[in-house]
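Q: So the chains spell out like this:
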Amino acid sequence: MNCAECRENLVACVEGLLDHEESLQCQAHLETCAACRAEYTAITRLQRQLVARGPATAEVSLVKPVMQRVHAIQTERERNSIMTKLFTRWGFGLSAAAGAAAIILIAFLVFPKAQATAAEVMTKGAQAVAKLTSIHLRGQVRTYPADNFSYINADSPFYSIELWKQFEPDLKWRVEKPQRVVVMDGKSTVMLIKSGNTGVKLPQRTTSAFDTEWLHRIANLSNTISNELDNARAKGWKLNLTEETGTDGRLKSVVTVLAKSGVPDNDYCKNTFMENADTRRVYRFDAQSKLLESVQIYLTRPSGEVQIFDLSQIDYNQPMDSSVWKLELPADVSWAQLPEQLSKLPDNEKYASMTAEQAARAFFEACARKDWDEVGKFMSPVTQGSKDYLGGLEIVSLGESFTSKTYPGRFVPYEIKLQPQEFNVRVSNANAAKRCVVTGMYDSKLRLQQDFKWSTEPEVLTNNEAYARLSPTEAVKAYFDAQSKLDWVEMRKFTSESDVEETKNQVEAAEKQGMDVYKLMPVMEAGEATWSAEQSAWFVKCRMSQTKKWNLAIRKDNPAGRWQVDGGF
Amino acid sequence: MDLTDKEYVERCRDGHQEDFRVLVDRYQKPLFAYLAGRLRDGRQVEEAAQESFVRAFLSLKKLRKPESFYSWLLGIAGRVAKEQLRSLKHRQQDCEVTESIMANAADSQEENYPLEEAIAALPETYRQVILLRYYEGLSCQEIATRLALPLGTVTKTLSRAYALLRQELAARESAEPTVNQTELP
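Here the protein sequences line up with chains A and B, keeping their order.
Each residue of the first sequence is one higher than the one before, starting from 0 at the first, in numbering that gives the first Met the number 0.
Each residue of the second sequence is one higher than the one before, starting from 0 at the first, in numbering that gives the first Met the number 0.
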């Protein structure tokens, strides 16, 4: 062994990692070479110093106590952020009372009087709930039940949305709409998309997550005021204050904020998320108690205003049942991989070098082949629902991708023909008109997809007899027929008002997008009916063939640099 | 998921404060050893170590070079240790025991804490193997498994880490400790 070889193997020799023969060679060289011996001695001396660290620190366990202190600080920060966030920005770190006075003073110096008085009402509202232990918001929003928490659609019906937030003894929260729920139980944050049977887990506590920030902000008035005042100053948002008498006969202070998102009108994502929307926000405070009592948000479009959010119930400091912080997960839930955890594939370069159009094509082609491993390289998770929906599809056309100012990826226009889907329609004639009407939709495995709520009993028609004679299958056929002809009056004879409204809205929305609705309308077939004693209803087996034309949202801002399908089905 | 210090610091700043746990886990032992070199008393060392981490957490937004998290943390710990010694001195000015603790601590400064400072000055790849080998007590083979590296790469990294450490220690022998002059929280 020469000097170079000896130096190269010195650490392995010190660590006892050389085989017997190599070790002997190394030792022999050390005995004859003073320079290498000096090196050896230096390493072993350093090693001795380092080894001494091991036993001295073996029992050290600081993670728990440090994180406990960190959590306590976070909770206190969150709880007090009603005031502190506001005051650090606007009141220069003063105490609550002095801070509030400072904000009001600054508002009067910076803004015209009308805006300053509006700011004053909001500041006092924040002050009124300075030491909050919990808050519960219940409202409704125009959205899709399973879509993103921030997603809004002026053409959609209202769906309920709720936030529960506990500040003491530790921070916990839950946000829920009919098909999507997220719970932060103090340890981790878990979201369940019920309709897709998909779970997403963030292994940490959060103060907000999964696009619920806009709702948390309302729960945290100081954030709202900071946001509105910052924007009033930077973007010229207008604040104004009026007074009115509420239904309870008490005087209310009404602060209206005209918010401009700054997103161009022709942007694809404009007005689709709370953050991208131009809105008029109305905050109603009780003039005496100073408490915020309601919030309405209106989408302001050139074509007119549409109310998209209505918050009418705010409960302050109410005890919260511990069951609120528990999320019941289905046993077969599919877990989505977080984009930030996406690791590189052995042939990652092949995917990373694709254009958005190439990635969209590769994705749809994999769906067409039902090659779910390949599909999994473009989306997570690949649920049974996705497989049922996309499996065996046929690509009709793919267009040139485009971008939105607010989205980090691209959108690829597509038209695909979906494989016929099987599903079941629940039908009942247990009503005053004795007609078979639709009461719910079930998937092929008889899992409830949508429960049709009839606000009133089916009406007795002038020619009711003819309808009452229809068998369950015939009634469903007639329902499909009316739907395909966009004959809303006829459709209403077989289904609930809300179903008609929803279909109508979807058709109108598609027409606005320039789609050929008649061409894209699914072709429905109704088959045999089976009686369910348990449900006291018939289940009619159906098939749907559909062409889908939309824009695939696809992005590659992840560690693997690979295109990932983000939405747009 | 083994991210770099910089990535964890950035995640904490982006609201994933729970990730601070990883940084505590990663540096609790060397930090403890560093403070033990200054304070000696076990309870005091633990208090100072906790306090240092909590102060680091609170000041995370001010850290200009997230890749230098550990070196910055040692700076904080140095100040915490000084404060503790000062307050101990004030509290028990007349007590001989304190004087002896102070004397011990002063003696120990020379011999102990430059090693941790030198470790802090290592590039992260080298620091990582040193911490795993000596503070976590892993063998080279275990390190190779943990980091999914060939055994030869681990011994080479370790060898380079020793060389850098020796250089760093030699440089420090003729100079004042610099860690406290790095970024202030």
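Note that these hints are calculated values from the structure, not bench results.
Some hints here could point you the wrong way.
Unchecked claim - With a Cα cut of at most 35 Å, we get these calculated DSBU-like pairs of lysine-lysine: (1) K60/B x K186/A; (2) K130/A x K88/B; (3) K343/A x K60/B; (4) K61/B x K123/A; (5) K259/A x K88/B; (6) K476/A x K200/A; (7) K60/B x K123/A; (8) K234/A x K88/B; (9) K237/A x K64/B; (10) K60/B x K200/A; (11) K63/A x K61/B; (12) K404/A x K61/B; (13) K81/B x K343/A; (14) K269/A x K88/B; (15) K88/B x K237/A; (16) K88/B x K555/A; (17) K234/A x K5/B; (18) K200/A x K88/B.
Unchecked claim - These stretches of chain B come out as covered by chain A in the derived footprint (C-beta under 8 Å, 3 or more residues): (19) 42-53; (20) 68-78.
C-beta: ideal position from N, C-alpha, C; glycine also.
Q: Work down the list of hints and note, for each, if the structure agrees.
A: Do the hints match the structure? See the list:
1. Between K60/B and K186/A the CA atoms are separated by roughly 23 Å; this keeps the pair inside 35 Å, and the hint holds.
2. About 39 Å separates the Cα atoms of K130/A and K88/B, which puts this hinted pair outside 35 Å; it is violated.
3. Simply put, K343/A and K60/B have alpha-carbon atoms about 30 Å apart, close enough for the 35 Å limit, and the pair holds.
4. Distance check on the hinted pair: K61/B and K123/A sit about 31 Å apart at the alpha-carbon level, within 35 Å; holds.
5. Our distance criterion of 35 Å between C-alpha atoms is broken by K259/A and K88/B, whose separation comes to about 59 Å.
6. Restraint check for K476/A and K200/A: not satisfied, since their Cα atoms lie roughly 43 Å apart, outside the 35 Å limit.
7. About 30 Å separates the Cα atoms of K60/B and K123/A, which keeps this hinted pair within 35 Å; it holds.
8. For the hint pairing K234/A with K88/B, the CA-to-CA distance comes to about 55 Å; that exceeds 35 Å, so the pair is violated.
9. For the hint pairing K237/A with K64/B, the CA-to-CA distance comes to about 39 Å; that exceeds 35 Å, so the pair is violated.
10. For the proposed pair K60/B and K200/A, the alpha carbon gap of about 26 Å is at most 35 Å, so the pair holds.
11. The hinted pair formed by K63/A and K61/B meets the criterion: a straight-line CA distance of about 24 Å does not exceed 35 Å.
12. With a C-alpha separation of about 30 Å, the suggested pair K404/A and K61/B falls inside the 35 Å cut-off, and the hint holds.
13. This hinted pair does not check out: K81/B and K343/A have alpha carbons roughly 46 Å apart, beyond 35 Å.
14. A C-alpha spacing of about 64 Å is found between K269/A and K88/B, which places the hinted pair above 35 Å, so the restraint is violated.
15. For the proposed pair K88/B and K237/A, the alpha carbon gap of about 58 Å is over 35 Å, so the pair is violated.
16. About 58 Å separates the Cα atoms of K88/B and K555/A, which puts this hinted pair outside 35 Å; it is violated.
17. Restraint check for K234/A and K5/B: satisfied, since their Cα atoms lie roughly 34 Å apart, inside the 35 Å limit.
18. Simply put, K200/A and K88/B have alpha-carbon atoms about 49 Å apart, too far for the 35 Å limit, and the pair is violated.
19. Under the rule that three or more residues need a Cβ within less than 8 Å of chain A, the assignment of the segment 42-53 of chain B holds, with 5 such residues.
20. Only when three residues or more bring their CB closer than 8 Å to a CB of chain A does the claim for the segment 68-78 of chain B stand; here the count is 0, and the claim is violated.
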